[in-house]
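Following the hints, put chain B in place on chain A, whose structure we already have.
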Amino acid sequence: MRRLIVPLVLAAGLIGITGWMTSLGTVGIYRIPGWNEVFTATFQHMQLVLAAEGLAILIGVPIGFIVSRRGLRWIGAPLMALTNIGQTIPTLALLALTSIILGTGFRAAVVGLLIYALLPIVRNTYAGIQSVSPAVKEAAQGMGMSRWQVTSRVELPLARPVVIAGIRTSMVVNVGTAAVAGMIGGVGLGKLITVGISVNVFELVIQGAAPAAALAIVLDAILGLAERWMTPRGLRKDTLRAAKRAAAPVRGVTSAAP
Amino acid sequence: MIRLENVSKVFADGTEAVKDVSLEIAQGEFCVFLGPSGCGKTTSLKMINRLIPITGGKIYIDGVDTQQQNVNELRRGIGYAIQNIGLFPHLTVAQNIATVPMLKHWPRERQRARARELLDLVGMPADTFIDRYPSELSGGQQQRVGVARCLGADPPILLMDEPFGAIDPITRHKLQEEFLKIQERLQKTIAFVTHDIDEAIKMGDTVALMKDGELIQYADPATLLAEPKDRFVRDFVGADRVLKGLRLLRARDVMRAPKHIIEIDESVDRAVDVLDKHRRSWLPAVENGRHFVGWIEREDLESSESLRDALTPAVSTAAPRTPLNEALSMMLGSATGSVAVLDNDDQLVGLLSFGAIRDVLAIDDESENE
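In the order they appear, the protein sequences are chains A and B.
For what it's worth, our numbering labels the leading residue of the first sequence as 49, then goes sequentially.
For what it's worth, our numbering labels the leading residue of the second sequence as -3, then goes sequentially.
For the record, the hints were derived by calculation from the structure and aren't laboratory data.
Heads up, some of the hints might be wrong.
[Unchecked claim] In silico EDC-like pairs for lysine to aspartate or glutamate, Cα to Cα no more than 20 Å straight-line:
| id | chain 1 | residue 1 | chain 2 | residue 2 |
| --- | --- | --- | --- | --- |
| 1 | B | K54 | B | E1 |
| 2 | B | K207 | B | D231 |
| 3 | B | K198 | B | D208 |
| 4 | B | K273 | B | D249 |
| 5 | A | K185 | B | E295 |
| 6 | B | K100 | A | E186 |
| 7 | B | K15 | B | E1 |
| 8 | A | K185 | B | E158 |
| 9 | B | K255 | B | D236 |
Chain A extracted, bound-state conformation:
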């Protein structure tokens, strides 16, 4: 529980700031949106993130797993290179592209986010499965585990912490990217921020940005707990380090992207 204190304090502080901005009522000639609107926007934002994230997990984990299979390794390496390149495409450019193809709105925003959220998940799933020692797999097979048993009893449990780390990274990136997607889709906290920027009202921008940051912190903390909880006890110390190593390059991009 101690690891929850810092995120909760930070999130509370950010909500406080949001409340402060909301309580202003008006700035100059502009009306500041009320609690209702902020709440709706945050809820929409979360929907956007969770929808994209859920789809990304459903699609990304199987892709990462499949390309880690022996017969498909030749796809694996180039695909990982591709996901690296994918990370370097500016968020705004990608979202603009999807909006050109799919138009604006919630669905288009979800698709744009999904593509972005997919990359760390595919990457970490692949890395996690690859990181399972060949000796361990050989021992499993040699003792008479079927292919499916090797996967379900050995590979997946051992890869799980790394996969979760990927989901966590992807989720946090997603909250930030969703703000940009909101500008295009006209949904979520991105909408508040866009309005704030266009009329040049600082308070309005903060009112949209602070809850987004709070959301990112809370989701990260929850997934941090999940990561710990889903790491088999026998590997808590050492593999967590490996998991972070696998996630590191992705995180590096994170801070630069939104």
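The following block gives chain B in isolation, referenced to the frame of chain A:
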């Protein structure tokens, strides 16, 4: 019983890893596959449990063609231990050991009881270790768990791929000794891979020496050392093969009954008489019949009034089952150049001398000249 019949392996890239190997490992026999790296020994081993598919020939276990069996069932009936151990890091020691019992759907309690039993067998206190994770064990302990795991469901056959390869020499030596004791009790049929000739000689009932995928010589260690089939075998077993061979002999095989002994309470003059008569410079001294007390040396007698004054206690003595290499090093450290062989009650049962050992090794000299 394991039988390989004209087994060969050609990998997809065309390398012939194993060429037409035939051999039979009898029930309860410890067979060591020995050879330099790339000789096909590991490939041969892995073809037995079909981790590597054979491309020619047949492998039978207890008369049944392994190709005809369900591969997972086959493997669950064969213990498997590898150099890198491959313990499952996310499972406890108990769960690791009970891997095959778990696959065979044994009840939980029985799996755990089995894990306890096997931890005891490999010399690890079950209460301390049963719920630990592999990352909490030392290398030697992990290796022990690896051995325990391959015995999990009490398979009649064990395949071991350099199971003691990755640990320090002292621990390895200890594990080898312990494993031999376990094997003495369990009498498993074992195929064991190593590149270490000393390990092969120490552990194996038989040794299958391989080179470039071919079985060069399949014999018991003594024969391999005494009658190496060709130059390769001779080089591989090493120039010190005669010394290595000593390990295979026991003191009781070479010792001679002591011809002349002296009772410690006899007079000095009597001892001098015996020494002169038989032209010896020393005699073993006994009391109460055959109880060995030490050596009487000629040069000490002149200044002594009784034999007890002149007595030189033995630095070390051998038992009938002492390996000859150890006995030899005792002899090198002994003033008389001899070692007394005593039974459990310190009764003198024989003497070891350089002459006796040389006589045994003389057989080797002849084979050398062939």
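Assess, step by step, whether the Cα of K15(B) is no farther than 20 Å from the Cα of E1(B), and give holds or violated. Distance of about 11 Å is within 20 Å: holds.
Does D249(B) lie within 20 Å of K273(B) when you go C-alpha to C-alpha? 29 Å, violated
Measure nothing beyond the straight line between the CA atoms of K185(A) and E158(B); if it is 20 Å or shorter, mark the hint as holding. 17 Å, holds
Keeping to a limit of 20 Å between CA atoms, is the pair of K100(B) and E186(A) held or broken? 19 Å, holds
Does D236(B) sit within 20 Å of K255(B), going by the straight-line distance between their CA atoms? Violated - the C-alpha atoms of D236(B) and K255(B) are around 32 Å apart, more than 20 Å.
Next pair to validate is K198(B) with D208(B); report whether the Cα-Cα distance is within 20 Å. Roughly 24 Å separates the two Cα atoms, so the pair is violated.
CA of K207(B) to CA of D231(B), is that 20 Å or under? The given pair, whose Cα atoms are some 12 Å apart, holds under the 20 Å limit.
Between K54(B) and E1(B), is the straight-line Cα distance small enough, at 20 Å or below? 5 Å, holds
For K185(A) and E295(B), compute the direct alpha-carbon distance and say whether it is at most 20 Å. Not satisfied, since the Cα-Cα distance of roughly 70 Å exceeds 20 Å.
In summary, the structure is inconsistent with hints 3, 4, 5, 9 from the numbered list given earlier, while agreeing with the others.
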